[in-house]
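Participant: So for the sequence shown, our numbering puts the first residue at 8; every next one is plus one.
Quick caveat, the hints were computed from the structure, so don't treat them as lab data. A hint or two may mislead.
Stated by the list, open to error - Label pairs and their calculated CB-CB ranges:
id, residue 1, residue 2, range
1, Tyr410, Arg339, 36 to 42 Å
2, Phe327, Gly463, 49 to 55 Å
3, Phe99, Pro499, 52 to 58 Å
4, Leu479, Phe107, 51 to 57 Å
5, Ile349, Val308, 27 to 33 Å
6, Val467, Met383, 45 to 51 Å
7, Met362, Arg403, 26 to 32 Å
8, Ala144, Ser460, 18 to 24 Å
Backbone N, C-alpha and C fix where the C-beta goes; we use that ideal spot for every residue, glycine too.
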Amino acid sequence: MADAPTTSRVTTGAAAAARVVLIGFALFQLYTSFTGMLEPLVQRGLFLGFGLGSVFLLAAAERTGWGKAPAFQWTDVLLALGGYWACFHVAFGNRRLSDFMVELGPLDMVLGVVAIVLVLEAARRTIGWFLPILSLAGLLYFYLGHDWISGAWQPPRVSTLTMIETVYASTETLFGYMTDMGTRVIAVFIVFGSLLLSTGATEIFIKLATLVAGRSWGGQAKVCTASSALFGTVTGSAVANVMALGPVTIPTMHRAGYTKSYAAAIEAVASMGGQIMPPVMGAAAFIMAEMLDIPYSSVVVAALIPAILYFMTIWFSVGFRARKMGIAPLARSEMPTARELIDPFTALPMYLPVMVLIGMLALDYTPTLAGVAAVMVLLGTLVVLRGLQCLVEGRRADLGATYVTLLRQILDGLYDGGRAIAMIAVLLACAAIVVKVLTATGAGVKVSSLILSLSGDNLVLVLILTAALAILLGMDVPTTASYILAAAVAAPIVIKLGVAPLNAHLFIFYFAI
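Work out the full structure: start from the sequences and follow the hints.
Facilitator: Below, the structure is given as structure tokens:
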């Protein structure tokens, strides 16, 4: 009993600190997206530092780390401080580390090891064992492989200093182009999606989907399908889709007559489609555009028809099953009215930012500018219309309470966004280690040659092996990481055999999902 108050104090303090840090993290990302990125090592060091440290701080706050005892929670707090320090050291020492003639000191070396170890542990806590073990195996191969392995797979000799410089004290690995994509493009879209959801988008999406699909056979399941497609346009996340829509759509489908397992399966499959539905398409699509050096709008246009076909497949499937089972459409009394979906006070703040986002991407503005513009439009319309609604409805006395509620919703959205960005930052850093090992040791080229030799330069066999590789990686690795790893190994082969680069990368992207 004596430990309970201590545990409570640790949990409460860590939770409060995590909330402040993550809200600040989200605001920092919005600020730099609007005003321009800082120096590479500064921007990326702050991005990964906030993300890495916050993963451990959240573990202490939620008691999801090594244990619930105060000692374990304090350990997580110390790990959080180590994560912040190791990455901020790079950010604040960017001028020194950017000097070609710099010599790393003992502190640089120690913090480099700390950063690598903490990235692997944070990734393990966030996404499981597979990717961290793969990254660790890659590091051992990179650092010790010359002495342990002989023959064609022997990598070049690497000193401890060179390894730390390559992985930590440069813009090549932990603070490389993947981290750059995270802070420059992905983060602002995550914040945008979180703010939409925290301010009421979920209800609007479900009502719109119900109006479109509710009166057809399998209407309850089609509402799930359509709302997941709409939801996916702004989140690009299967997990966010299920968490936001599942509590509403799954019980509704079950009450209509679908079994619980089938209802859950519909939600899961429809939510997965949110990752391929333009314009956001999850983090992998931004990385794809960066890898191919093409406008992001080109990826969106190419992916639109496959995404529509995917959701049409689910749409017809649930409709046929509903007819077979005799599940009637939704009653007219359960249908929303068109007025609810065109009410400017509730609907306009949801529609207008998405329209701005799609329009700016179509006009080939950078995804960063389009994302931050959508966030500004969302916040601006919310502030104006919430206040105007009070005045129009004669509730002038409620004006203060209305804005307090709005502020709370915005802060909740920023917190959720900062939390999601932290997870993405760790994921990208861990995946970057594997990709760097593949390129620095030549292992990627050797794996590609192995696939070519197994397939006999046959395109169909190469595609089958590539699909199998992406599926295997995707079984225990999030989409972004599995796509990055599969693309690093297999995309050059597929392109070499005559497939257009964008087609090759989309092929890998879909199978990774």
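Participant: Any hints this thing doesn't respect? Which numbers, in order?
Facilitator: Violated hints: 2, 3, 4; rest satisfied.
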